[in-house]
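Please model the entire structure based on the sequences and the hints provided.
Protein chains in written order, with numbering that gives the first Met the number 0: chain A, 0 to 131; chain B, 0 to 131; chain C, 0 to 131.
These are calculated hints, taken from the structure and not from any lab test.
Among these hints, one or two may not hold up.
The list treats identical chains as one, so a pair stands whether inside a single copy or across any two.
Said to hold, decoys possible - For lysine to aspartate or glutamate, the following EDC-like pairs were computed, each having C-alpha atoms within a straight-line distance of at most 20 Å: (1) 123 / 16; (2) 123 / 99; (3) 104 / 16; (4) 130 / 99; (5) 2 / 16.
Note that the structure is predicted; figures quoted are calculated from it, not measured.
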Amino acid sequence: MLKEISITTHRRTEFIEITNLIQKIVRETKVDNGICYIYVPHTTAGITINENADRSVIEDIQMELNKIVPFDDDYSHSEGNSSAHIKSSLIGNSVCVFIENNSLKFGTWQGIFLCEFDGPRNRKVWVKIIKE
Amino acid sequence: MLKEISITTHRRTEFIEITNLIQKIVRETKVDNGICYIYVPHTTAGITINENADRSVIEDIQMELNKIVPFDDDYSHSEGNSSAHIKSSLIGNSVCVFIENNSLKFGTWQGIFLCEFDGPRNRKVWVKIIKE
Amino acid sequence: MLKEISITTHRRTEFIEITNLIQKIVRETKVDNGICYIYVPHTTAGITINENADRSVIEDIQMELNKIVPFDDDYSHSEGNSSAHIKSSLIGNSVCVFIENNSLKFGTWQGIFLCEFDGPRNRKVWVKIIKE
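Right, dumping it as structure tokens:
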């Protein structure tokens, strides 16, 4: 089983919460216990787990990443999106979340975010579940 | 099976080795071969695998992360811990280690560290094992 | 089943694509569907998934990482390779890739790279597969 989600991003840098979309997939599989893998098949986007209560947190993450890895910095790649590739490798392109009682098990403040670093674009997210 | 470990941290930034605690859980499960997932259910902490022989290594990692992501940098999040959220996404909130012969299989110098970025706090670490 | 690959690096910083080596292992196992874990048992190297079409992308990633984490920065670790340990924790020491129809399933531009941060050296990569 491999499930695919489609996401449209609207800005050059944008974190979009996909927790509910992943939870829905887990529910449909009826798997009680296991691990859910969420994988981004792109090289200028990433995926991360962070706070989903106060939106200023993910705004600060985006702001600071753009300081740490500037959009322009004498890169050699001619497409002009090297900073997005670098951020993708720093943040990573997959996360895993435990499944307990047919539900994703998060810490109190955790949600899953697709990290757009070279938008706007149409993006895919792949999901696979391994039973315990 | 989901196991939970409790850790108390004592400083704002602190890496605490938890290798032996995870190894003990693996032994108790009697699983011969598989993968052990270690997951931090927090958004201002992380988890990493790095050298556990010379403590100066993890001190250097902490020092440099605090340079790359300053504690104060015109963040908008009002709780004053944005740098911790950013470091959490850079380091990541889970790692996996292979299990062979009912033992975690590490490289020579590797150990697992809980990364506190907003302490002191009481933290949890969740562990799940998938049999091969 | 744990498979080991040996890689020789030739520069202090070097990303070496290992996609085909991992694909070959997957084929030989004859596993149709599952997850392939690729784990680096070193603390001064890492592993990442990024673009394998235009080599300037991985050159830019290496260049920028060396700016973000300088080789020399008043580190306390006496071996002179603290920057490599720090990069290892930022990039991470494992990735996972889905297996579908006995083949690694990548996005269009994705490949797997061993990230040497303290070469030249002889490195190992460990591979384990979990069936779905």
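Okay, the hints, checked on the actual structure:
1. In this homomeric assembly, residue 123 and residue 16 come within 20 Å of each other (Cα to Cα) only inside a single copy, at 14 Å, whereas the closest approach across copies is 24 Å.
2. Proximity of residue 123 and residue 99 under a CA criterion of 20 Å is satisfied inter-copy only: 17 Å between copies versus 25 Å inside one chain copy.
3. In this homomeric assembly, residue 104 and residue 16 come within 20 Å of each other (Cα to Cα) only inside a single copy, at 16 Å, whereas the closest approach across copies is 24 Å.
4. In the homo-oligomer, the alpha carbons of residue 130 and residue 99 lie at most 20 Å apart both inside one protomer (10 Å) and across protomers (16 Å), since each shortest distance falls under that limit.
5. For the homomeric pair residue 2 and residue 16, the shortest alpha-carbon distance inside one copy (17 Å) is at most 20 Å, but the shortest distance between copies (27 Å) is not.
Of the numbered hints listed earlier, not one is contradicted by the structure.
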